[in-house]
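Make a model of the complete structure from these sequences and hints.
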Amino acid sequence: MISNSNIEHRRMPLSSACVVRVWSQVALGRVVLVRLRLEARTGFPDLDWHCRGVEVRRSALCINLQYLRGFAERAESWSSFTELETMFSHNGSQNTVAKYVQAHWAEDWFFGYQCLNGCNPLMVRQTRLLPPNLSINSDILCPFLPDGSSLEQELERGSIFLLDYEMLEGVPANVINGKQQFLAAPLVLLHLNQEGELKPIAIQLQQAPGPQNPVFLPSDPGPDWLLAKTWVRCSDFQCHQLSSHFLRTHLLGEVCCTATLRQLPEVHPLHQLLMPHIKTTLQINIQARASLLAANGVFDKAVGCGLEALPVLLSRATERLRYRSLCVPDDLADRGIHTLKHCYYAHDALRVWTALHRFVSGWVDVYYLGDQDVEQDSELQSWITEIYTHGFLQLPHSGCPQSFQTKPELSQFVTMVIYCCSALHAAVNFSQVDFDLWMPNCPASMTHPPPQTKGMLTEDEILSILPDVNSTCNLLITLFLLSQPAADYVPLCQYREPVFSSGAPRRLVEKVQAELRAISGEITDRNKKLELPYDYMSPDRIENSVAI
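For what it's worth, the UniProt record's numbering labels the leading residue of the sequence shown as 1, then goes sequentially.
Treat the hints as calculated values from the structure; they're not laboratory data.
Here are the computed lysine to any residue pairs in the SDA-like style, where the Cα-Cα straight-line distance is at most 20 Å:
no. : residue 1 : residue 2
1   : 199       : 103
2   : 199       : 162
3   : 529       : 116
4   : 279       : 269
5   : 179       : 301
6   : 528       : 517
7   : 301       : 175
8   : 179       : 75
9   : 199       : 137
10  : 407       : 272
11  : 199       : 221
12  : 407       : 379
13  : 179       : 77
14  : 279       : 379
15  : 454       : 137
Treat the numbers as computed from the prediction; the structure is a model and nothing was measured.
See below:
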């Protein structure tokens, strides 16, 4: 049970922590991040790459770094798909997933597969209504639906899904190699067929309908349809990097870490539970802002949204962030993907969440006898107030708790923090290199505006629209390094801290570790039957924290 009897004594070190770690609105729009006083930063090593205990074993990488660096000065388009394939053969031959991506990237079923199991499985959702700004009707889509069915019937059945990248509308695009880049804000309809495959059936590349914003269909000329899908993949790259990855794992972890250091003393049981999952985040994010997100960093030199759009997109993503979307059972149900038999991310995420939630609920039961104890824990209430204020910007529509009234509320929130800083990060970070190595599958930028007509394109011309040689290779080098596990890799729920070594905490840890081992075994058995295994959410591959 948490006692407030010695609260003044416990607050003494927190007062110092609040002086060293202050909230600061930096150049990332409305997003509020931590600012450390200079002397507090001196302990951070000067790393080229922002990962904890970095020891990049370059001989183990599945790429030829020297080969890629040979392209660093080529500020021009790829000369041919053959040249791009040659580059890939030097760097992707040992990556079985990347080779599979190269073989299937242009196929409709694989486009849908990536919406469910790729590096950004957080965008797609079931829809019962068509977006009012999507210029489409049932007659146009009937050829792509089951015989005898209509769009209205498929909507009612729940077999129509939507991708909506409205967050990108009007965002200023980058200038790379002196050339203006371009962004799109697509709307995509997908249909779930009887085989359980999700396939795109309509793509509108901008939000506002009109004669210069055609709806692309699978029946269009092959190059037109392929380019439309490629534009969607480029838009997905922007949202994946800044919202699904950076905001929901790195920045969420930073907010929770800072609030923990400022408001929960080291003796507080939730400080002890959370710190192994969040303690590396500040160092990583500071290094990211000093390198990857700085002038002449990879976002500046290779990504379509660039540094100018960074604060705009992060502000929009934060304003659209909903607490329910961070809690796996709610998120999967709200998006209607929890029952899809080929959505392996959803299946695995729910099992990992459930194990973590049982563990956290047991921890809360040990230290809080009843709901009243939660309500009366002033340190805990100060903690959630800081997170609501600085992480969710005091936006009531976010659904973030402003206080904790019950043990279940507390257990769910703490589970969310641990999940996002471990399992979710594994899903959206370590999958990047597999799906992005074949660049046309996930281009970081586009060098021409979205098409306004159909029937004017050849497949070879698509290559001139994709990123230049040097920006492609610079991005791939970065993604390779960011996809390497930390040298002191700690698997999920493996703890070295003394508090976990005896009594009730030890029993809880042993129980959750057994559950996670069982989940890993089940995933291994399932993957043996799959042409393309999905193992990013296997607990033995999940790092305990955002460690790179």
